[in-house]
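Undergrad: Sequence:
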Amino acid sequence: METINNIRNFCIIAHIDHGKSTLADRLLEKTKTIQITEGQMLDDMDLERERGITIKSHAIQMGYKAQDGKDYILNLIDTPGHVDFSYEVSRSIAACEGALLVVDATQGVQAQTISNLYMAIEHDLEIIPVINKIDMPNAMPDEVEDEIIELLGCKREEIIRASGKTGEGVERILEAVIARIPAPVGDPEAPAQALIFDSIFNSFRGVIVLCKVVNGCIKKGEKVKFFNTGMEYTADEVGVLKMDMMPKQALTTGEVGYIISGIKTATEVKVGDTVTSVAHPCREAIAGFQEVKPMVFAGVYPIDPNDYENLRASLEKLQLNDAALTFSPESSVALGFGFRCGFLGLLHMEIIQERLDREFNMDVITTVPNVSYMVYDKQGNVKEVHNPSGLPEQTLIDHIEEPYIRATIITAADYIGSIMTLCLDKRGELIKQEYVSGNRVELHFYIPLGEIVIDFYDKLKSISKGYASFDYHIDSFRPSKLAKLDILLNGEPVDALSTLTHESNAVTFGRRMCEKLKELIPRQQFDIAIQAAIGAKIIARETVKQVRKDVTAKCYGGDVSRKRKLLEKQKQGKKRMKQVGNVQVPQKAFLAVLKLD
Numbered sequence: 001m002e003t004i005n006n007i008r009n010f011c012i013i014a015h016i017d018h019g020k021s022t023l024a025d026r027l028l029e030k031t032k033t034i035q036i037t038e039g040q041m042l043d044d045m046d047l048e049r050e051r052g053i054t055i056k057s058h059a060i061q062m063g064y065k066a067q068d069g070k071d072y073i074l075n076l077i078d079t080p081g082h083v084d085f086s087y088e089v090s091r092s093i094a095a096c097e098g099a100l101l102v103v104d105a106t107q108g109v110q111a112q113t114i115s116n117l118y119m120a121i122e123h124d125l126e127i128i129p130v131i132n133k134i135d136m137p138n139a140m141p142d143e144v145e146d147e148i149i150e151l152l153g154c155k156r157e158e159i160i161r162a163s164g165k166t167g168e169g170v171e172r173i174l175e176a177v178i179a180r181i182p183a184p185v186g187d188p189e190a191p192a193q194a195l196i197f198d199s200i201f202n203s204f205r206g207v208i209v210l211c212k213v214v215n216g217c218i219k220k221g222e223k224v225k226f227f228n229t230g231m232e233y234t235a236d237e238v239g240v241l242k243m244d245m246m247p248k249q250a251l252t253t254g255e256v257g258y259i260i261s262g263i264k265t266a267t268e269v270k271v272g273d274t275v276t277s278v279a280h281p282c283r284e285a286i287a288g289f290q291e292v293k294p295m296v297f298a299g300v301y302p303i304d305p306n307d308y309e310n311l312r313a314s315l316e317k318l319q320l321n322d323a324a325l326t327f328s329p330e331s332s333v334a335l336g337f338g339f340r341c342g343f344l345g346l347l348h349m350e351i352i353q354e355r356l357d358r359e360f361n362m363d364v365i366t367t368v369p370n371v372s373y374m375v376y377d378k379q380g381n382v383k384e385v386h387n388p389s390g391l392p393e394q395t396l397i398d399h400i401e402e403p404y405i406r407a408t409i410i411t412a413a414d415y416i417g418s419i420m421t422l423c424l425d426k427r428g429e430l431i432k433q434e435y436v437s438g439n440r441v442e443l444h445f446y447i448p449l450g451e452i453v454i455d456f457y458d459k460l461k462s463i464s465k466g467y468a469s470f471d472y473h474i475d476s477f478r479p480s481k482l483a484k485l486d487i488l489l490n491g492e493p494v495d496a497l498s499t500l501t502h503e504s505n506a507v508t509f510g511r512r513m514c515e516k517l518k519e520l521i522p523r524q525q526f527d528i529a530i531q532a533a534i535g536a537k538i539i540a541r542e543t544v545k546q547v548r549k550d551v552t553a554k555c556y557g558g559d560v561s562r563k564r565k566l567l568e569k570q571k572q573g574k575k576r577m578k579q580v581g582n583v584q585v586p587q588k589a590f591l592a593v594l595k596l597d
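Numbering of the sequence shown is given in the UniProt record's numbering, commencing with residue 1 and proceeding in unit increments.
Hints should not be assumed to be uniformly reliable.
[Said to hold, decoys possible] Heads up, simulated EDC-like pairs for lysine to aspartate or glutamate below, C-alpha to C-alpha not over 20 Å straight-line:
1) K155 / D187
2) K165 / E150
3) K461 / E350
4) K549 / E568
5) K516 / D495
6) K155 / E126
7) K461 / D425
8) K30 / E189
9) K220 / D236
10) K481 / D398
11) K575 / E503
12) K484 / E384
13) K481 / E503
14) K155 / E175
15) K537 / E393
16) K30 / D244
17) K426 / E442
18) K518 / E568
19) K465 / E492
20) K537 / E503
21) K242 / E29
22) K30 / E175
23) K563 / D550
24) K70 / E237
25) K293 / E309
26) K518 / E492
27) K264 / E330
28) K545 / E492
29) K461 / E492
30) K537 / D550
31) K569 / D550
Think of the hints as simulated: they come from the structure by calculation, not from any bench.
Let's have the full structure, built from the sequences with the hints guiding it.
TA: Okay, here's the thing in structure tokens:
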């Protein structure tokens, strides 16, 4: 029977692409948990391997015989590094007592390293700094050490130099984990209390809950209860995670493992919830639980209207795997029936689109992404609006509030000017700037979330030649002067193209949209007026000229009134046609509006 003193729970925090999954593979190999056959054993989704990012957290248990001759159990909880999954990161951190802070020797400290580090320090984790990739020819371990010492205030000898590729320093990391990270604390005799830090959906077994037991123990076959949802289930199987699942009779205090209880719907399991036993329930839940709130919304429509039901089924299956995705049916005049989906952020939205395409072969159109706004009417009522077409009449609105984020950008000093210009153009306000070390600057801004939704990240990367790292978290809602911009084709509004934008950019944005649509909408037998309007006021107009047959070709010579008669007749026909004709907006036009620059 393992005692609680021989258990160590730790996670790895790092910026994207600093090599944490490779380092994790080396740790697994060193502790003889697995034989490495091919790269990245923990990132098992195709998308994760291609992009080199971790999307889902993973947990794995390793056994290790330390130099003091004792056997230890190490639970590694791998966390995603990207900002869109920060709630998952916070729950994984809450399940640990220590963290390896991995910094790339060629790149130094970056934005997400810092934000995840602060989260770990808030949870009182023991931090072990590791410099990775020291075998690279362009590594600068001494400069990076100085940065880490400035950030953490640790001693130089506490920093471990390692390489995930060659395996150098891996044994030192394992010894440091045992020596420095405290064993979990908990009362084995208390009522059962376990923190859910992740869930996986398995099409045969249902939802598999991954949790860390804080107090008491959870036995196989007993009835368990989920604290915040109030659901009760029987724990059909409990166990620990090696490379495969290893069933056990019970999970005891301090252990990290899984519970399978045949749950069919993923929405019943919330990350951050507390599991307890029905027979001896705990008094209160573990603190820190919150509902995951989507921040970016977009309409997702099937290209072929007959695929509507398939799209619903695909989204339901995706939701089982990724509980942060929300969707509800909506319809649009231009695009037919589809769904309004909520995402945690832009990367999340991109990944969902890719997965719909790869895993379910769904061809979909996504409308312009937007954020949720709080609309206050003149009676003082408040309504949350995710879609510009859901806005009340302009005359009824008192004011609109939009979400602001606090953004942290770390970059080389050479790029400060252009990054400042970019953020201020996006209505950002500078909070502070400080030099991190040598040539590196940390900038803090308040920026409206709606401004960074479309192309901010791409622009930031191109301005800074890839050297700026960006991280954000939601700050608050603030009143803002927003206008609803409608696009009219021959006087008819096209709801899928309407957007909410700030009054200062509305005119230029409307003008650019009209110009773009003029290029993309094919010519018809009659003139098409493309107009951008705010309320009843038209702010921009373009015309797609009609295709005309030369009806006067047969008149040679003779009086001008003959020609005029033929042209008048043609004009009457065109007029009649315009009443019955309708304008088709091609697929390209919707996609082009997303990429307006």
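Undergrad: Are the hints correct? Go through all of them and say.
TA: Hints, one by one, checked against the model:
This hinted pair does not check out: K155 and D187 have alpha carbons roughly 34 Å apart, beyond 20 Å. About 27 Å separates the Cα atoms of K165 and E150, which puts this hinted pair outside 20 Å; it is violated. Distance hint between K461 and E350 is fulfilled; the C-alpha atoms sit about 17 Å from each other, no more than 20 Å. In summary, the hint linking K549 to E568 is supported, as the alpha carbons are separated by about 13 Å, within the 20 Å threshold.
A distance of roughly 17 Å separates the Cα atoms of K516 and D495; the hinted pair therefore holds under the 20 Å criterion. Note on K155 and E126: the hinted pairing holds, with a Cα-Cα distance of about 14 Å set against a maximum of 20 Å. For the suggested pair K461 and D425, the alpha carbons sit about 16 Å apart, so the restraint of at most 20 Å is met. Straight-line distance between C-alpha atoms of K30 and E189 comes to about 35 Å, which puts the hinted pair past the 20 Å bound.
Distance restraint check for K220 and D236: the Cα-Cα separation of roughly 6 Å lies within the 20 Å cut-off, and the hinted pair is therefore satisfied. About 11 Å separates the Cα atoms of K481 and D398, which keeps this hinted pair within 20 Å; it holds. Taken as a hint, the K575 and E503 pair is broken in the structure, with Cα atoms around 36 Å apart against an allowance of 20 Å. With a C-alpha separation of about 15 Å, the suggested pair K484 and E384 falls inside the 20 Å cut-off, and the hint holds.
For the hint pairing K481 with E503, the CA-to-CA distance comes to about 6 Å; that is within 20 Å, so the pair holds. As the CA atoms of K155 and E175 are separated by approximately 17 Å, the hinted pair is consistent with the 20 Å bound. Restraint check: the Cα-Cα separation between K537 and E393 comes to about 14 Å, which is no more than 20 Å; the hinted pair holds. For the suggested pair K30 and D244, the alpha carbons sit about 18 Å apart, so the restraint of at most 20 Å is met.
Taken as a hint, the K426 and E442 pair is honoured in the structure, with Cα atoms around 18 Å apart against an allowance of 20 Å. For the suggested pair K518 and E568, the alpha carbons sit about 27 Å apart, so the restraint of at most 20 Å is broken. Between K465 and E492 the alpha-carbon distance is near 43 Å, which puts this suggested pair outside the 20 Å criterion. This hinted pair checks out: K537 and E503 have alpha carbons roughly 13 Å apart, not beyond 20 Å.
Pair hint K242 plus E29 holds up; C-alpha atoms about 12 Å apart against a cutoff of 20 Å. For the hint pairing K30 with E175, the CA-to-CA distance comes to about 12 Å; that is within 20 Å, so the pair holds. Simply put, K563 and D550 have alpha-carbon atoms about 11 Å apart, close enough for the 20 Å limit, and the pair holds. Restraint check for K70 and E237: the C-alpha separation of about 29 Å exceeds 20 Å, so the hint is violated.
Pair hint K293 plus E309 does not hold up; C-alpha atoms about 26 Å apart against a cutoff of 20 Å. Restraint check for K518 and E492: satisfied, since their Cα atoms lie roughly 16 Å apart, inside the 20 Å limit. About 26 Å separates the Cα atoms of K264 and E330, which puts this hinted pair outside 20 Å; it is violated. Taking the CA atoms of K545 and E492, the gap is near 18 Å; set against the 20 Å cutoff, the hint holds.
Between K461 and E492 the alpha-carbon distance is near 39 Å, which puts this suggested pair outside the 20 Å criterion. At roughly 36 Å between alpha-carbon atoms, K537 and D550 are farther apart than 20 Å, so this suggested pair is violated. This hinted pair checks out: K569 and D550 have alpha carbons roughly 12 Å apart, not beyond 20 Å.
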